[in-house]
Structures are given as structure tokens and as C-alpha cells.
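Asker: In the working numbering, each number is its position in the sequence shown, counted from 1, plus 892.
Misleading hints may appear alongside valid ones.
[Unchecked claim] Cross-link-like lysine-lysine pairs, in silico, DSS-like; alpha carbons within 27 Å at most: (1) K1093 x K1152; (2) K1010 x K1025; (3) K1025 x K1065; (4) K1093 x K1043; (5) K1043 x K1004; (6) K1152 x K1010; (7) K1010 x K1065; (8) K1025 x K1152; (9) K1010 x K1093; (10) K1025 x K1043; (11) K1065 x K1004; (12) K1065 x K1093; (13) K1152 x K1004.
[As the list claims (entries may be wrong)] Per label pair, the in silico range of CB-to-CB distance: (14) D1067 x P996: 44 to 50 Å; (15) S1040 x H1063: 14 to 20 Å; (16) D1055 x T1096: 35 to 41 Å; (17) L1051 x A1088: 38 to 44 Å; (18) G1108 x V1057: 19 to 25 Å; (19) M1126 x M1012: 21 to 27 Å; (20) V1061 x M1126: 21 to 27 Å; (21) N1109 x S1040: 21 to 27 Å; (22) L1085 x G1011: 45 to 51 Å; (23) S1110 x V1061: 20 to 26 Å.
Don't read these hints as lab results, they were simulated from the structure. Yeah, the Cβ is synthetic: ideal placement off N, Cα and C, and Gly gets one too.
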Amino acid sequence: MKKVKSVFGVLLTAWGVIREMVDLLESVKATHGYAVALYEHRYLTVWLFSSRGLTVSVIVVGLGLIFSEKIQEVARACWVKVHPKETESSRPVKALSPSLKTGPCPEVVISKITCDTKGMFPETVLTLHNANKTSAAQRVRVCDIELSCGKATFREIPLLVADGVEVIVPHVKSDEGVFRQRDLLNLIRTHCLNNAPGELKECTVPGVIVFEDLGGNSFETHFEFAFYPLAHTMQKIALSEWVRREQIILEARRFSFRSKS
């Protein structure tokens, strides 16, 4: 695909350059017509439909195709530099306590949230991670999330091995019916909009994960879901697929562990 874009870009650029050379030989009358159009505030329309405007457009498109990969790399580097936090996919795990590798107790977190908003049945996928390298966890469950606009429940994971991961999808009951039964993002978004209409700042919802070690001792992980309305809006209007992927609109953060024993 990269080679096809490059070849197509070269052809467009070459044709555009030839057209430009021909345009340079146009009569003074045509140039005078452009000046009159500019004076009458109709320059944009004339430019788009004129031979010169078409030529420049073709050259720009051709060069864009040739250097599309480089442009994307530069844009990605600039985005990471300006928004370093939004590009870290494993922030929750990095922010955990120093006992990650040597602690005797399991430490279960939500390491990733994937929001699939396309299609008729959008869904939110949670990735649970036992961050402890030596101890397994059993009977792992994210506690129900009850909000004014609906309720989300989660299945229990019988066993989560040390440093293991498990993917779960919520079951959501709300007024929006069957089309949103797996869409936790929409539930939290609706809750935030109902409580703060038009607010662009982040909105948080508390959450708890309960689990046990293999000895039957009970533990809890307290955290919060953070919803970013501005990032959600940017994802909708973004023209680039890469920009849409990089927008984090819902995440789990600020984990703390407690023993119930």
C-alpha cells in the first residue's frame, strides 16, 4: 500500500508540474481575470475552478501521498511530545506500590480500557491484570457500578494467575435498551453529562475490585474511572484514524489496595 501511494503521488506530482509549466504560458488576459476576481472577493471560487488552482491542488495532493508516512511520523512525534500522558497505555500499572514484584498479596488492577464505539452494538472492554509477580488471585470481580442513569455488572473471574490478564465486558442496564448493553463508556458519559452539562473537564466515577488470595484472605482495589469529554469530542471529529486511536476517553486510575481480613 505504501508503494502504491508513493507511485500514485509521483504521477500526480509530475502531471501537476507539467500543467504548471503550461499555465505559465497563459495569456495576460487570464491573469487579469484572476486579479479582478480577487478584487471582487471571489478569489477562492475562481482559484478552485481555474486551471492554476487545479494544478496546485494536484501537486499538493501528490506530494502529500509521497510523504504521507513521514508526515504521520512527524505528527505522531509532536503529539507524544505535547501530550505525553495521553499516549501511555499502561499508566495504572506503573503507578502501583513498590511491592509489585515482591509483595505476598495479589494486586489486581484494570490495566487497559478499550472503547469500541463503532457499529450497532458498541462495547467497552476492561483488561484486568494481576500486577503481583508471585501470588495468584481468585474470585476476582469488579463491583457493580450504580448510577442514576443505569447500572453495570461484571462477571466473576475464578482465578487470575500471577502477572496474568483477563478480559471482561460489562452488562449494562439503562434506558437506552439492548443496543447499549455492553457500553460502559456511554453509561459513564451519560452520568457525567447529566451532572455537569457542557462541562469539558474530566469526570470521575469510583470503582472497587474485590478478590482473594489462594489462602482465602480478602482484598479490595479502590480506583476511579475517569472520563474525558474533550477527548471524546476530538475523537468524533478527528479526520485521522491514528488520532482517533490515540485519544484516551475513558481510563481507570489512582489504585489503592486494602485488606479486608
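Asker: Next, verify each hint and record whether it holds.
Answerer: Here's how the hints hold up against the structure:
1. K1093 x K1152: violated (34 Å)
2. K1010 x K1025: Violated, because 36 Å separates the two Cα atoms, which is more than 27 Å.
3. K1025 x K1065: violated (36 Å)
4. K1093 x K1043: holds (23 Å)
5. K1043 x K1004: holds (21 Å)
6. K1152 x K1010: Between K1152 and K1010 the Cα gap is close to 40 Å, so the pair fails against 27 Å, i.e. violated.
7. K1010 x K1065: holds (20 Å)
8. K1025 x K1152: holds (21 Å)
9. K1010 x K1093: holds (24 Å)
10. K1025 x K1043: Between K1025 and K1043 the Cα gap is close to 33 Å, so the pair fails against 27 Å, i.e. violated.
11. K1065 x K1004: holds (23 Å)
12. K1065 x K1093: holds (26 Å)
13. K1152 x K1004: holds (25 Å)
14. D1067 x P996: 44 to 50 Å: Between D1067 and P996, where Cβ atoms are some 45 Å apart, the hint holds.
15. S1040 x H1063: 14 to 20 Å: holds (18 Å)
16. D1055 x T1096: 35 to 41 Å: violated (28 Å)
17. L1051 x A1088: 38 to 44 Å: The hint (38 to 44 Å, Cβ to Cβ) holds, given that L1051 and A1088 are roughly 40 Å apart.
18. G1108 x V1057: 19 to 25 Å: Between G1108 and V1057, where Cβ atoms are some 23 Å apart, the hint holds.
19. M1126 x M1012: 21 to 27 Å: About 24 Å separates the Cβ atoms of M1126 and M1012, which means 21 to 27 Å holds.
20. V1061 x M1126: 21 to 27 Å: This hint holds: roughly 25 Å between Cβ atoms.
21. N1109 x S1040: 21 to 27 Å: violated (35 Å)
22. L1085 x G1011: 45 to 51 Å: The hint (45 to 51 Å, Cβ to Cβ) is violated, given that L1085 and G1011 are roughly 22 Å apart.
23. S1110 x V1061: 20 to 26 Å: holds (25 Å)
Hints 1, 2, 3, 6, 10, 16, 21, 22 from the earlier list are contradicted by this structure; the remaining hints agree with it.
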